[in-house]
Amino acid sequence: MNNEVKIKAKNVNFYYGNKQVLENIDLEFYQNRVSALIGPSGCGKSTFIRLFNRMNDLISNTRMEGKIYLDNIDINGKNVDVVKIRRLVGMVFQKPNPFPKTIYENVSYGLEVNGIKDKKSIEEKVIESLDRAALWREVKDRLHDSALGLSGGQQQRLCIARCLAVEPEVILFDEPCASLDPISTRSIEELILELKKYYTIVIVTHNMQQAARISDFTAFLYLGELIEFGPTEKLFTVPKEKTTEEYLTGKFG
Amino acid sequence: MKNKITQNLGFFLLFFSIITTLFFLGAIIYFISVNGLKVINWEFLTQVPRKGMTEGGIAPAIVGTFYLTFGAILFSLPLGLACAIYLCEYSPKSYVVNIIRMSINNLAGVPSVVFGLFGLTVFVKFFGFGVSILSGSLTLGIMVLPQIISASQEALLAVPQSYREASLALGATHWQTTKKMVVPAALPGILTGVILSIGRVAGETAPILFTAATYYTRGYPDSVFSEVMALPYHIYALMTEGTHPEKQTEIAYGCSLVLLILVLLVSTLAIVLRQRQRGEL
Amino acid sequence: MKFTIRAGVVKENIYKWVFAVSAFASLLFLVGITITLFIEGLPIFKEVGFFDLLFGKLWYPTYDPADFGIFPLIMGTVWVTVGALVVCVILGVGSALYINELAGKKQRAILKPMIEILAAIPSIVYGFFGMVIVAPFIQNLLGLPTGLCAFTGSLILGIMALPTVCSIAEDALSFVPKSFREASLALGANRWQTMVRVVIPAAGSGISTAIILGMSRAVGETMTVLMVTGGAAVIPHSFFDPVRPMTSTIAAEMGEAVMGGAHYHALFAIGLILFLITFIFNVIAETISRKYRLKLGLSG
Ligand SMILES: Nc1ncnc2c1ncn2[C@@H]1O[C@H](COP(=O)(O)OP(=O)(O)OP(=O)(O)O)[C@@H](O)[C@H]1O
Ligand SMILES: [Mg+2]
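The listed protein sequences correspond, in order, to chains A, B and C. Residue numbering for the first sequence follows this note's numbering, beginning at 270 and increasing consecutively. Residue numbering for the second sequence follows this note's numbering, beginning at 1206 and increasing consecutively. Residue numbering for the third sequence follows this note's numbering, beginning at 865 and increasing consecutively.
If you're looking for bench data, these hints aren't it; they were derived computationally from the structure. Hints should not be assumed to be uniformly reliable.
Said to hold, decoys possible - Once the Cα atoms are required to be at most 30 Å apart in a straight line, the calculated DSSO-like pairs of lysine-lysine come out as:
1) B:1298 <-> C:875
2) A:503 <-> A:279
3) A:353 <-> B:1384
4) A:388 <-> C:875
5) A:353 <-> A:370
Stated by the list, open to error - Facing chain A, a subset of chain B residues (Cβ under 8 Å, in silico):
6) 1370
7) 1373
8) 1374
9) 1381
Ideal Cβ placement from N, Cα and C applies to all residues, glycine included.
Model the full structure from these sequences, guided by the hints.
Have a look at this one:
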């Protein structure tokens, strides 16, 4: 199995004001693979993945050094449209954040803003996305109810469906199961394994079992630095670095 | 022991303050209602005034107030909302925010009669709109602009940042996010603010004294360049002009009650709406 | 290429500029008001002289030769405002303290909307109420020649400005951290002592802001004073004299002033003075509240 590079971070430094939170990170994520980012709270995992869809642009007084490549194109380049980047790189957030609209509208929103006007194809796409997100059976009778009435796990799957609808190539998950119960977590994990057939997936997680269960590659971040990166199996069984081993065995974090 | 007495005395004073305040509120509503109800009937609400304001109804004044209020909101809502959107969604530089915020605060503190002077000079004279619905609406609109801006700002700020992030992450542009996501989510709050402003505009007198209002019109206004009767000005005119003080006072009671009901309905509606919204969040 | 800039960007920039320009509307109007008042008000300063206009004791704008001394009007405003201040500070701050410190949750849920309703009542209704109910009552009660005087004006105006004072003060009080109160109570102070020595000083600048804004409201209020204060343009000697504050002078006389005449300009000059006074009040209030926010670590 050969691994094609989809995203590449090169020499990335990141600052909130004067505070540096990412130091010299070099990392590659591969097509159709699930890559997990683990590390103790505050080590910069969210900050890091938010660089791939340029979400950090929204926060004022921040600065990035280095380069991020998507398909070998520098996403911070001069002629690059951030909106297009975000269409190709979808994101699912830590807390389920469906819009205060109906279930249907939540999914159709992304299609509409992407300029799709045809009612029929929007509807097809909505159904397809909900189906892929393993939510269709549960909501097909209440498509026009408010999304806020769904359970936490359903809301998160709705957010995934919403994200799938715009056909991204990469999906970033920032602790998607952090606020969910074990059963919902299970279903989201299964979903991610299914989605990897079509997408490149990066997932931030606190939960090492989760990383072990679903990821092909794992990166361990500590205090803003990349300590170790490699195939999940290797990293979990024979870590190269002492810090990684300590973290995995629960000595800190 | 002495401490206990001071405390009781102090607490009694505070109690006295709130009771006095409520007493005045009650007194105003009571006296206006009791006397106003005597003259209010269907004819009073639907007829034009007759016999030098001593008989007939106040329909033109109700209609005039409606036009003026509608015009003022029509002018100030788009402008105020746009300003709030700029401040909240486009995160301008902090010195720009400061200049704008200072302007808004100071505009909010300008005495209402001074708005009247401004409207007189600029709309009535300079632009030649004359004493008219148009001049009055614009003047009132400028007066409530700060209130509309603050209400819209508050509503926009209450929209969770996560909605904006989710929308942008789906590849919506900034403008699409604002138009399709943020403003609709803020709409209930904005509406509440607008409703409160309606109450304020409908009751203002000083800004329309020289820009829109007149004591008496034979019928209803036929264009935006017509002078109008307005409820608040009508009360003033009834009390200070004319030759039948007693008859006029009765009518003024009726007018006041109509205005009071209008304004209180509107603000109660706003208060209830707002409490609902706060409960939801 | 799939990443390059869309055509829509130009359109979005246009929207941004439309919003930016609208955002400056308030500044535009504020500057417009200032310019208007200066242009229309300054001629009378030239004609009468700065000092004579401000401190002239006679206001006979329609006589021939006319007198344009606005000192009596200024004094009218001062008396009425000071009176109103007494009423609205005592009742407003008192009510705010009651609502925040003594009232239970249920009471508060009723009292706060009540105060808002008081704020929503139009000034003309206050004026009318003052004229037909309060003034005759006070006249009979105190055996005055007329109930339309500075005292009645102050009372009504105070009630009107009360909601402003009450709600801002109430906000300030609610910002005082619970730990302050608990610390004081733990030291054995009773609730009243805690309130007077800890809570009120902690909310001090917020309460001052409230008072200044209430004062600004009272100075600028027009219809109420126009209807209730009696309208005599002479320097008052007691609270029971009729007075003619600045706002009501403008409101009452603009209709009869000849456009572009000396009287007309004089009324604009009064408007200018009013504008400057309230402007200064607002700047002071703003400065205090900004410092206060910084102190509490709240954002701008
Ligand atoms: N908007 C911000 N402004 C300033 N500092 C920030 C901001 N967001 C995050 N930080 C800081 O940057 C560091 C990295 O934060 P980040 O959210 O990326 O960590 P994380 O690894 O995702 O943590 P967690 O597991 O708790 O989500 C932290 O020290 C955090 O305090
Ligand atoms: Mg995080």
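Violations among the numbered hints, reported as their numbers in ascending order: Violated: none.
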